[in-house]
Amino acid sequence: MMRMWIGRAALAMSFAAVCGAALADEFLVGVEVPLSGALARVGTGMHEGISVAADVFNRKSGKHKVKLITIDDESSPAKAVAAVEKLASQGVVAIDGGYGSNNIGPASDAANKAGLVYITSGGVDEGLTQRGFNTFYRINNTAGYSKAMLGLLADMKASNVSIVYLTKEATSALAKDVDKALTAKGVKTTMHPFDASVTDFKPIVNKIKLQDKPDVIAMVGYETDYAGILRAAKVLKPDVKAMVGVWSLATTKMAEDFPDLMDNVYGTALLPFPAEFTTADGKDFADTYKKLYGKEPDYLGQFGYVQSMLLFEAIARAADNGTLKSGGVATELRKTNRDTLIGRVQFDEKGDNPNFSHRMGQHQGKKIAVVWPAESANAKMKFPGVPW
Amino acid sequence: MRPDRRLVVAATCVALYVAVPVLCASNLYLMSMIVAALTIGGIALAWALLGNLGGLVSFGHAAFFGVGSYASALLVMKAGWPIAAALPAAGMVAVLSAVLVLPALRLRGAYFALAVLAYAHIFRIVTTEWTSLTNGAKGLSNIPRFPLIAGFDFASKTGAYLIVLTLVLAFALIYARIRSSHYGLALRAMHESEAATRAVGVNSTLLKAMMLFVSAFMTGVMGAFNAHYINFLEPDYAFSGLWTMLPIVAAIFGGYRTITGPIVGAVVVYLADQLVFKEVMPVGHQIILGALLGLMILRAPDGLLPLLTFRRRTGTILRHA
Amino acid sequence: MTELTLQALWSGVLLGSSYALIALGLAVVFGTMHVINLAHGELVVLAAYVAYTCESQLGLNPLLAIPAAVIVVCAAAALTYLCVDRIAKDRELNSLLLTYGIAVMLTNGVLMLFKADIRSTKSTWLTDAVVMGPLFSMRSEIVFFIVALALMALLWWWLTRTWSGRALRAVASNRDAARLMGIEPRRIELASFVVAGLLAAFAGVAIYSFGVVSPSLGTTLTVKAFVITVLAGMGSIPGVLVGALLLGIVETMTTTFGSSALQELAGMVLFLVVLFVMPNGLFGRART
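Residue numbers (the numbering used here), protein chains in the order written: chain E, 730 to 1117; chain C, 53 to 373; chain W, 447 to 734.
Hints are computed from structural coordinates only; laboratory data are not their basis.
Among the clues, some could well be false.
Said to hold, decoys possible - Reference excerpt, derived from the structure (chain W facing chain C, CB under 10 Å, subset only):
id, residue
1, VAL481
2, ASN540
3, SER541
4, LEU543
5, THR545
6, GLY547
7, ILE548
8, MET551
9, LYS561
10, ALA562
11, THR666
12, PHE672
13, THR675
14, VAL676
15, MET714
16, PHE717
Note that CB positions come from ideal geometry on N, CA and C, so glycine has one too.
Only chain E is shown next, with the shape it has when bound in the complex:
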């Protein structure tokens, strides 16, 4: 009798073990990011966030684990396509990453051909969500950035704004959006486009100082451009009340690299610095980030983290439903509706996140304070205020 029970118990246990093993799946997720080339820094930042997400997810998830396979796309569209193809051939269930609309376009195209979901936070170009793909998802967009900048400018009651912007695609689109909205509200605007090769901004800033005489100078570009514009402004000292930029400006890196140029400068910022994460999710993120990389997370890591967590959760749900191989990841991702570090995220039929609205931060001394919108602000803006 005992033997029969032992036999049945053994059978049951081994059955459970087999089932458990079958259920404790490991899913390959392809990561295609620029780790070299012009976008190396932002790609590495995003990659850090993605790796943190994988670490946190694997710890918290019981039966589903994810394994990342990363390929550097060298900031080049052709290499991005090749990377996606290679990942597809290695059996990944989705593609995570991508930076720069020029690279994301062809890469997500290749992913779509391979039937793989492509989720990113690095491409704000309008055209990306107008291709009719049901595999493309992004958690941020141009509208969110312009909402933030416009909100801040409205709070400042600026009546005359000079917009200095890089002629690349994403920056021009944002600048033109902001211009249109401001003009509609009766604000006087002057546009100053500049090419990527410009390193001396004194001529442009001088034009602004002598001809436009604005309340606020709005800057739309990347780190080099902000540094150049602020440096020129510091020399020429135009009579303005604020210098406002967009991405990559209200960051600790800029404060470290150019400490004499940043004071009172505004840029988009998800979280203040030092960051105080109030949710459990946030604390997990910050702690793991510090453990893996020995530094505080920045906005790139935050975006990379959020997009990856949403993806991994969708993969887990699809695996549970058994729809993994039949487009389940896309369907589950579309059902996303939760609060994250960047606010509530949902995806519409085009893969865009309509709730996305960035926040504005300001360098105040050694800290970065979130000053807009009022609900997320942790300090008042120091206005008027310029770095000189």
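Chains C and W: place on chain E using the hints.
Coordinates of chains C and W only, in the frame set by chain E:
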């Protein structure tokens, strides 16, 4: 060609057209690499042709590549041309752009080489600024792919491979024909002594210009191919310095003086760079290519392949033009 | 309007002076050996990164980093010469390929060591404004403008008044005749590379002090230097200064009055115009 040589050539062609697709088609990534390598090979061939027959070194072949890419993409997308017509037309547009380069022929060798580089920059800037035509920095996306012909999808990796292979072999044939023609004889005579050639009445400037046009045509067609293969273009990509650098390294490595040298050099160098160097040194792996080029110039100006096949030539890469 | 124009001219002159430093190095080597050193722009970038390393690791003001930059870049230039010297035949064209290879190596070497980020000086002393009436500039721009003028005067003095400088001009005009006169051409050629390195070193620290550097800057600088040498005409040192100032002014005027997007194009168009209309440059002598 002697009969046994013809057999070798035929066998190689069969291998290339049949064996490679059969063996490699399942590995999309490898096929991608091979197609890219052959694209580089085509440019390397055109570059070597300009150097050998025209006596001109160019550091700006990316100019013709970019012009060809955009020309073909725009002809198909905006004017509705079929791709088969757009490819050679794009080559002709590249030739037209080479006409703009003609004044630079007056310059001495080194100056000419860099003048073409300046042209590459100019073309890139014009392409970026002429947004109404080229969509500027945003680039052109969803460039039409190669069509379906008789049930075979030429937009697939294998299809693209067959197309680029055919183009490269066709260009090699053209190169060989020119070299063995009486033009080729005149060009080689020109290398020995330009003054003497002039004295006999051969217009060396005209010949050089013709070679520039041929080289530009070939490079332009490769650019056009690439546009329809990658289906995406932007000015920085189309005129990227890599389209100049890689063919130069490939041609020098594979053997500047031969016709097949640049092509084989391209395949070896590109695959080595992507599959080996990049794995070992994810950042800055092209440093090896630079070192390779330097070493080749100093030690083996005829390239490594002639050494391997025991063919020796007199040790100069370039003669005075 | 006049304020705008004056500032544009002034900025153009300052910018042109640093372009002149870069172009002179290229011109000296080319004049002596008929070799275009395609790695010249990379030497300038190398100097800039030496200044960066001194500032970030040792906290030194970039001006103090100049000696280190000079040593490193002159050594690199000498090494380049040694490689070029070993070319067996057709040095003029083969050296292009060789220095091209060296340029690729330097660019990627810098990329590996310093990553792709843009770098610029943190020194507030250097980036502070200097105001002279309606003219604004950064202190570093003024400092290096004076340095550039001093270096050019020194170069002119060396070429015209010293034995070695005149030996260089002798080698430049006729190598074999110079050898017959007792001048060892190879030592002079090495000297020309080292002088080019010296000029490049100052130019690199200058760019770091008032502009931004990144590994990819090298090629842009080489192209600019080449454009200026064509503008100037072969073999003309004063021509290089004029050409450089011209380019600087054209660039700033285009940015101020036109669109900055056309800035790079303006320089290139200038180059084309000279090429079509005056192939010997503004000051060059016609050569067969």
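Index of numbered hints that the structure contradicts, given in increasing order: Hint check: nothing fails, all pass.
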